[in-house]
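Novice: Once you've looked at the hints, dock chain B against the given chain A.
There are 2 protein chains.
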Amino acid sequence: MTALEKATLESRNKDASARFERYRGRNLSLDMTRGKPSPEQLDLADDLLTLVQGGDTKGEDGTDLRNYGGLAGIPEARRLFAEYLDTTPDRVIVAGNASLAVMWDTLANAMMYGMPDGDGPWKDQSPKIICPVPGYDRHFAICERLGIDMINVPMTEDGPDLEAVKALVADDASVKAIWCVPKYSNPSGEVYSDATVDALASIPTAAKDFRLLWDNAYSVHHLGEGPAPLKDIITACEKAGNPNRPLVFGSTSKITHAGAGVALIAASPVNVEDHLKKISFATIGPDKINQLRHVRFFKNMDGILAHMQKHADIVAPKFKAVDDALEARLGGTGLATWTKPKGGYFVSVDVVDGCAKEVIKRCGDAGVKITPAGATYPYGKDPHDRNIRIAPTLPSVDEIQTAMEVLTAAIEAVCTEKLLKG
Amino acid sequence: MTALEKATLESRNKDASARFERYRGRNLSLDMTRGKPSPEQLDLADDLLTLVQGGDTKGEDGTDLRNYGGLAGIPEARRLFAEYLDTTPDRVIVAGNASLAVMWDTLANAMMYGMPDGDGPWKDQSPKIICPVPGYDRHFAICERLGIDMINVPMTEDGPDLEAVKALVADDASVKAIWCVPKYSNPSGEVYSDATVDALASIPTAAKDFRLLWDNAYSVHHLGEGPAPLKDIITACEKAGNPNRPLVFGSTSKITHAGAGVALIAASPVNVEDHLKKISFATIGPDKINQLRHVRFFKNMDGILAHMQKHADIVAPKFKAVDDALEARLGGTGLATWTKPKGGYFVSVDVVDGCAKEVIKRCGDAGVKITPAGATYPYGKDPHDRNIRIAPTLPSVDEIQTAMEVLTAAIEAVCTEKLLKG
Numbered sequence: 565m566t567a568l569e570k571a572t573l574e575s576r577n578k579d580a581s582a583r584f585e586r587y588r589g590r591n592l593s594l595d596m597t598r599g600k601p602s603p604e605q606l607d608l609a610d611d612l613l614t615l616v617q618g619g620d621t622k623g624e625d626g627t628d629l630r631n632y633g634g635l636a637g638i639p640e641a642r643r644l645f646a647e648y649l650d651t652t653p654d655r656v657i658v659a660g661n662a663s664l665a666v667m668w669d670t671l672a673n674a675m676m677y678g679m680p681d682g683d684g685p686w687k688d689q690s691p692k693i694i695c696p697v698p699g700y701d702r703h704f705a706i707c708e709r710l711g712i713d714m715i716n717v718p719m720t721e722d723g724p725d726l727e728a729v730k731a732l733v734a735d736d737a738s739v740k741a742i743w744c745v746p747k748y749s750n751p752s753g754e755v756y757s758d759a760t761v762d763a764l765a766s767i768p769t770a771a772k773d774f775r776l777l778w779d780n781a782y783s784v785h786h787l788g789e790g791p792a793p794l795k796d797i798i799t800a801c802e803k804a805g806n807p808n809r810p811l812v813f814g815s816t817s818k819i820t821h822a823g824a825g826v827a828l829i830a831a832s833p834v835n836v837e838d839h840l841k842k843i844s845f846a847t848i849g850p851d852k853i854n855q856l857r858h859v860r861f862f863k864n865m866d867g868i869l870a871h872m873q874k875h876a877d878i879v880a881p882k883f884k885a886v887d888d889a890l891e892a893r894l895g896g897t898g899l900a901t902w903t904k905p906k907g908g909y910f911v912s913v914d915v916v917d918g919c920a921k922e923v924i925k926r927c928g929d930a931g932v933k934i935t936p937a938g939a940t941y942p943y944g945k946d947p948h949d950r951n952i953r954i955a956p957t958l959p960s961v962d963e964i965q966t967a968m969e970v971l972t973a974a975i976e977a978v979c980t981e982k983l984l985k986g
Numbered sequence: 565m566t567a568l569e570k571a572t573l574e575s576r577n578k579d580a581s582a583r584f585e586r587y588r589g590r591n592l593s594l595d596m597t598r599g600k601p602s603p604e605q606l607d608l609a610d611d612l613l614t615l616v617q618g619g620d621t622k623g624e625d626g627t628d629l630r631n632y633g634g635l636a637g638i639p640e641a642r643r644l645f646a647e648y649l650d651t652t653p654d655r656v657i658v659a660g661n662a663s664l665a666v667m668w669d670t671l672a673n674a675m676m677y678g679m680p681d682g683d684g685p686w687k688d689q690s691p692k693i694i695c696p697v698p699g700y701d702r703h704f705a706i707c708e709r710l711g712i713d714m715i716n717v718p719m720t721e722d723g724p725d726l727e728a729v730k731a732l733v734a735d736d737a738s739v740k741a742i743w744c745v746p747k748y749s750n751p752s753g754e755v756y757s758d759a760t761v762d763a764l765a766s767i768p769t770a771a772k773d774f775r776l777l778w779d780n781a782y783s784v785h786h787l788g789e790g791p792a793p794l795k796d797i798i799t800a801c802e803k804a805g806n807p808n809r810p811l812v813f814g815s816t817s818k819i820t821h822a823g824a825g826v827a828l829i830a831a832s833p834v835n836v837e838d839h840l841k842k843i844s845f846a847t848i849g850p851d852k853i854n855q856l857r858h859v860r861f862f863k864n865m866d867g868i869l870a871h872m873q874k875h876a877d878i879v880a881p882k883f884k885a886v887d888d889a890l891e892a893r894l895g896g897t898g899l900a901t902w903t904k905p906k907g908g909y910f911v912s913v914d915v916v917d918g919c920a921k922e923v924i925k926r927c928g929d930a931g932v933k934i935t936p937a938g939a940t941y942p943y944g945k946d947p948h949d950r951n952i953r954i955a956p957t958l959p960s961v962d963e964i965q966t967a968m969e970v971l972t973a974a975i976e977a978v979c980t981e982k983l984l985k986g
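Just so you know, the sequences run in chain order A and B.
For what it's worth, our numbering labels the leading residue of the first sequence as 565, then goes sequentially.
For what it's worth, our numbering labels the leading residue of the second sequence as 565, then goes sequentially.
These aren't lab readings, by the way, just hints derived from the structure by calculation.
Everything numeric in this text was worked out from a predicted model, so none of it was measured.
Each hint should be verified, as a subset may be incorrect.
You can't tell identical chains apart in this list, so a pair holds if it fits in one copy or across any two.
To be verified - EDC-like mimics (lysine to aspartate or glutamate), calculated; alpha carbons at most 16 angstroms apart, straight line: (1) K570 to D683; (2) K570 to D701; (3) K803 to D866; (4) K803 to D888; (5) K985 to D917; (6) K622 to D607; (7) K945 to E922; (8) K803 to D579; (9) K906 to E727; (10) K687 to E963; (11) K622 to D610; (12) K772 to D610.
Bound conformation, chain A alone (with noise of 0.2 angstroms):
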């Protein structure tokens, strides 16, 4: 390090350092951890709750929605988000309100009594599953919970990288899975290529029952510029061979309401049918009166693109008050970089080797909540401790600009002080 750079590095430190004892001493209080819809976006949502009342309970075949039954969701609920993802309605599973517990059933079934193509339970056989990085943290800890090993390769822009993939899933029958936000990835916004989902859909694994967790959570939520597109993998697994290998999960948690809406599963009828028997032990249908409210509310797919258009206008605002931030504080001091997605619900940000953990803490000693380092990796381990997710869609635009002073700040200072101790 020259002089120069040293008392560029010192001046920047003491500027940052003093700028974050000034909003310290405020006394804050505000979260940036999770991935939460604002109240505005939910009030977006809030004619479905009166769509569907007394008199006015019969689904689209005079069947009594009220009553027990309906295991693979109401038929118009099927047709309806079949069109959302790209598919049939008999390759469609509406479920529940939460596509966390459809990927648990999925894999705690798998785990119990295995896949269709492959050799049994996969709790006899050691198994692992690829986790690009940085990832999901509730997928991470499903397998964790379910002792199933996970193994990191490197997101790229145009999704996981291929050939440490292909190398994984080559020989290794025990390699059983993949874990894909395929579509404004989780947290850093990849978009998967036409080629990485041909790639993914026909790439020859040692496994039979190799299956694509494919987690389109974010499918139809943009910033502005409308949905992203992305390669069909049902169809793309079908025309490679693999028909059963993607299971798709999907919900309107972050459509609808976050705590009332419903989740969705499609896959090949080979898988449909086997998933409707493993939860056959544990469920007789889901809320068939909720699901029905859906489809009043949105009548089809160009309801769910217009609606999303809306939520585009509440959430733009507040990303591009993290991108200001950042740029501002940050641009061109080597000290961060960070995504500039075109929707999902993270900003992505990877600070100087070492230093997220303190970033975090200090921005919590601060009262700015950020998730905690590490959550974005398997086993709560970022080997480089650089990434930081930060989660703007729930706080106001006033207050993402408050809270990120704090963090842009924190970064600052704690990355100076790093880089001056070499």
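Specialist: The following block gives chain B in isolation, referenced to the frame of chain A:
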């Protein structure tokens, strides 16, 4: 058999067979298989559908119930259903739309991770569960699916045969639980006596993590005399020094809407904490909006009781139609005995040994669907082939009268045939 007895049987058989044939010619299509509420019962709760509207979605503590969170259920629902289950709110979790799912989660997680006080995952301990018979087919299906062995014990009018239970649990630590439907038992209608409750709470068990799977599905589901008293199992177990023994399940499936209600689990604080940890991997929270609908609809326990009186008014005549038909056609014949429940969803009929399967087959031939023989026993095997479960709630009184004519004719024809063959 005397000549007179033989002649009487032959005459009865001829009459019954002729009656049966007349009905068989009528192309009936009647379904007495499942304990589903009727449309009239479901109508009683229709007002709840519109009790939560836009602008009015906050809980009593100010939480926006449209958003994520609230793993244990909303406080006001925990309070209401604590009253319903005769316990305290901290001992209650209010879940999604099906108690079956809660029971599945409980046992699947016990298999994978064990239970408080125990020695680890049940799957490593050759677990066995005691099943009072006849009982509920879906309980048995969960056990069979999870690989938990089932051991039959007979029911008495006060509950399970306690001497049989005591002998099974005394020395064998692999006997992990007993299924109980303590009020208006499914299908035979018994209400557990106080002495049975106290005994189950206090019996010494070799398994340190022995559990009472207390499916109080019909807590308030009486037929006109008000809910039968049932001693509180949670307090009884606490007093007996076994606070973690009971796991109480319940739901509003047969109170509000069968497919869109809320499910409940009540247990000791240790069990509640354990259950919440287990489900935290699978869900961020239940549908809290639907919980709010339920709280607003009932307001308090008096609201639930008043509501269930309306159910009784609808359901009681249907049970009477079943009993009237059985008395009229089979009373004093010695061909069948049956229950006269004060609540619940079923009438249980025992016919001459070795006849149930054939009776149900013949009813099917005549267009009257009856729950398959053996369904009320573990592994679908009724050792005496004599139990028939009748579910009178869904059909109309007219339909029940017709179905019962077919069923009683089939019983009389098949049983007299059997007795004549000797």
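Novice: If a hint holds in the structure, say so; if it does not, say that too.
Specialist: Structure-based check of each hint:
no.: 1; hint: K570 to D683; result: neither (61 angstroms within a copy, 59 angstroms between copies)
no.: 2; hint: K570 to D701; result: neither (37 angstroms within a copy, 75 angstroms between copies)
no.: 3; hint: K803 to D866; result: neither (28 angstroms within a copy, 61 angstroms between copies)
no.: 4; hint: K803 to D888; result: neither (44 angstroms within a copy, 63 angstroms between copies)
no.: 5; hint: K985 to D917; result: within (13 angstroms within a copy, 87 angstroms between copies)
no.: 6; hint: K622 to D607; result: between (26 angstroms within a copy, 12 angstroms between copies)
no.: 7; hint: K945 to E922; result: within (14 angstroms within a copy, 63 angstroms between copies)
no.: 8; hint: K803 to D579; result: neither (58 angstroms within a copy, 65 angstroms between copies)
no.: 9; hint: K906 to E727; result: neither (26 angstroms within a copy, 68 angstroms between copies)
no.: 10; hint: K687 to E963; result: neither (46 angstroms within a copy, 50 angstroms between copies)
no.: 11; hint: K622 to D610; result: between (21 angstroms within a copy, 12 angstroms between copies)
no.: 12; hint: K772 to D610; result: neither (45 angstroms within a copy, 49 angstroms between copies)
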